[in-house]
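Sequence order for the protein chains is A and B.
According to the numbering used here, the residues represented by the first sequence are 1 to 379, in order.
According to the numbering used here, the residues represented by the second sequence are 380 to 520, in order.
The set of hints was computed from the structure by calculation and includes no laboratory data.
Be a bit skeptical, because a hint or two may be false.
Derived, one-sided and incomplete: chain A residues facing chain B with beta-carbon distance under 10 angstroms [said to hold, decoys possible]: (1) HIS52; (2) MET86; (3) TYR233; (4) ALA264; (5) VAL268; (6) GLY375.
Reference listing, derived: stretches of chain B covered by chain A, where coverage requires no fewer than 3 residues with Cβ under 8 angstroms from a Cβ of chain A [what the hints assert, rightly or not]: (7) 409-423; (8) 436-446.
Within a straight-line C-alpha distance of at most 20 angstroms, the following computed SDA-like cross-link-like pairs (lysine to any residue) qualify [stated by the list, open to error]: (9) LYS180(A) / LYS492(B); (10) LYS180(A) / ASN414(B); (11) LYS105(A) / VAL57(A).
Note that the Cβ used here is the ideal one computed from N, Cα and C, for glycine as well.
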Amino acid sequence: MALILGIESSCDETGAAVVASGEKIISNVVASQIATHQRYGGVVPELASREHLRALVPVVRQALAEAGQTYQSLDAIAVTQGPGLMGALLAGISYAKALAFAAEKPLIAVNHLEGHIHAVLLEAKRKGNGQMEFPVLALVVSGGHTHLYLAAQYDAGWTYENVGRTRDDAAGEAFDKVAKLLGLGYPGGPIVDGLSKHGNPEAVPFALAQMKHRDRNQQGIPTGARVRFDFSYSGLKTAVLRYVQLHNLQASIDARRNALSSIAKPTVEDYLGLCDAQTFNLIASFQRAIVDDLTSKTLAAAREYDAETIFVTGGVAANNELRQRFGREAAMEGLPAHFPSRPLSTDNAAMIAAAAYPKFLAGDFAAMDLSAESGLVLR
Amino acid sequence: MKREFTTHSASETIALGRTLAASLHPPKLVLLRGNLGAGKTTLVKGIAEGFGAARAEDVTSPTFTLIHEYRGPGVILYHIDLYRIETQRELDTLAIDDLIGPDSVLLIEWGEKFPRFVAERDVEIVLENLGEDERGIWVVG
Numbered sequence: 001m002a003l004i005l006g007i008e009s010s011c012d013e014t015g016a017a018v019v020a021s022g023e024k025i026i027s028n029v030v031a032s033q034i035a036t037h038q039r040y041g042g043v044v045p046e047l048a049s050r051e052h053l054r055a056l057v058p059v060v061r062q063a064l065a066e067a068g069q070t071y072q073s074l075d076a077i078a079v080t081q082g083p084g085l086m087g088a089l090l091a092g093i094s095y096a097k098a099l100a101f102a103a104e105k106p107l108i109a110v111n112h113l114e115g116h117i118h119a120v121l122l123e124a125k126r127k128g129n130g131q132m133e134f135p136v137l138a139l140v141v142s143g144g145h146t147h148l149y150l151a152a153q154y155d156a157g158w159t160y161e162n163v164g165r166t167r168d169d170a171a172g173e174a175f176d177k178v179a180k181l182l183g184l185g186y187p188g189g190p191i192v193d194g195l196s197k198h199g200n201p202e203a204v205p206f207a208l209a210q211m212k213h214r215d216r217n218q219q220g221i222p223t224g225a226r227v228r229f230d231f232s233y234s235g236l237k238t239a240v241l242r243y244v245q246l247h248n249l250q251a252s253i254d255a256r257r258n259a260l261s262s263i264a265k266p267t268v269e270d271y272l273g274l275c276d277a278q279t280f281n282l283i284a285s286f287q288r289a290i291v292d293d294l295t296s297k298t299l300a301a302a303r304e305y306d307a308e309t310i311f312v313t314g315g316v317a318a319n320n321e322l323r324q325r326f327g328r329e330a331a332m333e334g335l336p337a338h339f340p341s342r343p344l345s346t347d348n349a350a351m352i353a354a355a356a357y358p359k360f361l362a363g364d365f366a367a368m369d370l371s372a373e374s375g376l377v378l379r
Numbered sequence: 380m381k382r383e384f385t386t387h388s389a390s391e392t393i394a395l396g397r398t399l400a401a402s403l404h405p406p407k408l409v410l411l412r413g414n415l416g417a418g419k420t421t422l423v424k425g426i427a428e429g430f431g432a433a434r435a436e437d438v439t440s441p442t443f444t445l446i447h448e449y450r451g452p453g454v455i456l457y458h459i460d461l462y463r464i465e466t467q468r469e470l471d472t473l474a475i476d477d478l479i480g481p482d483s484v485l486l487i488e489w490g491e492k493f494p495r496f497v498a499e500r501d502v503e504i505v506l507e508n509l510g511e512d513e514r515g516i517w518v519v520g
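If we strip away everything but chain A, and leave its shape as in the complex, we get:
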């Protein structure tokens, strides 16, 4: 058994976790959940280096305490190298390097996006079906990312090829911006998900940009590269805004925003009481458009690349309609679709420790001059 401490600090959340041999979560702590951290500054998102620095020590201590481990009993220390916010990444990397040096443990650098993919494997292994048929097609979909990766196995580890990504807004960003546009709260994903079932998803026809194409060079000539399946959600956001303007919904949106601002923690009932049928229909149609687009492009890519397995991961993978649709449509094509558990859908450190395990086995350790890469590419 190999015990790996994972540290994640790529964007809003500071996390630490202890995972055994890439499959058993011993502890998994995120800063926003722990009281010690709240004492240090409350619920401000961990936007950058100083916030992460403040959170790292208590979070790592708690992860070790909950796991009943010490620095000495660990086998390796894994940390997110990128992609993410430079200062935020550097805080985690500097701390992990110091810890690895002091405790004389190997240091492992992990790509945040590979972490999301391994969150799916963690859940599959927990259920006892960790054996995957390759190639795996992984949709990583969150507030900051919308990517399609084709994954193959290479020795103990995985290699990745990007076959699709967003050209503008990530899908999770569209959920949040549309929720805000309609006077609903933050984060928008769970609210839109909860309200969608009260509307008619076919009430408002939203057309999404179709971007399946072969890679072309600047003269528009195909480069002979493989077919890509890109996404675009900026136009959908603008289409919702246009609908609001055309149907004069602004006054009722402002009223809803005012009413919600006086409620500390709005419940589903609060939201339900403040929306009319037209708004429910708009929300349901918006969600349907995104879910349609994510599923149809992912399945088209799976056919193009003869994928044997589908992974859906990242914050938006917690969306109920997306899970149901993928489960159903992938099954119709004879493909198993796997998701992370809901707590592991969003950013966490357990996925970083899990993704580090194959690198641990391969002896793929980071040098002590490891630095952050804000635009780190997954290969």
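Assemble the complex: chain A is given as a structure, and chain B must be docked to it using the hints.
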């Protein structure tokens, strides 16, 4: 100096961004103002291409990721989105001052939320959705 443009498609907005890049010699602090869907990120796609720092399709929204960095010949382009940043304390943690240097061009969305950027900006670009695909774009400074 105030210049006014109208574009009729996303590709026209990108083309305008390419030509605007020539007037944004570093160092510059540029405020990008406009509502949701006004075309701020679309314009940045063109500006990044104009600087030879990125292909238009590689420029994506920094709303969640907060700061995107693109490097071209003689320029470091920072595309910053303060949409999620509400307080001075949150802004301080981003350490935007560390990004300002002789080769840097900062393109800041929602920077007008903080008086400091309004006072320090070299150029202000205002975008307005005129309906359908038409956008009015004003460049001041």
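Verification of the supplied hints:
Using the Cβ-Cβ criterion of 10 angstroms, the hint placing HIS52(A) at the interface with chain B is satisfied: the shortest such distance is roughly 9 angstroms. Among the interface hints, the one on MET86(A) holds; its C-beta lies about 7 angstroms from the nearest C-beta in chain B, closer than the 10 angstroms criterion. Annotation: interface hint on TYR233(A) holds; nearest CB of chain B at approximately 9 angstroms, less than 10 angstroms. Taking 10 angstroms as the C-beta cut-off, the interface hint given for ALA264(A) is violated, the closest approach to chain B being about 17 angstroms.
At a threshold of 10 angstroms, the smallest CB-CB gap from VAL268(A) to chain B is about 24 angstroms, leaving the interface hint violated. With a least beta-carbon distance of about 7 angstroms to chain B, the hint placing GLY375(A) at the interface is held under the 10 angstroms criterion. Closer than 8 angstroms: that is the beta-carbon criterion, and the region 409-423 of chain B has 5 residues meeting it against chain A, so the requirement of 3 holds. Given as covered by chain A, the region 436-446 of chain B passes the check, having 8 residues with a CB less than 8 angstroms from a CB of that chain where 3 are the minimum.
With a C-alpha separation of about 17 angstroms, the suggested pair LYS180(A) and LYS492(B) falls inside the 20 angstroms cut-off, and the hint holds. Proximity of LYS180(A) to ASN414(B) is assessed by CA-CA distance (about 12 angstroms); at most 20 angstroms being required, the pair is judged to hold. With a C-alpha separation of about 18 angstroms, the suggested pair LYS105(A) and VAL57(A) falls inside the 20 angstroms cut-off, and the hint holds.
Hints 4 and 5, counting from the list given before, are not met by this structure.
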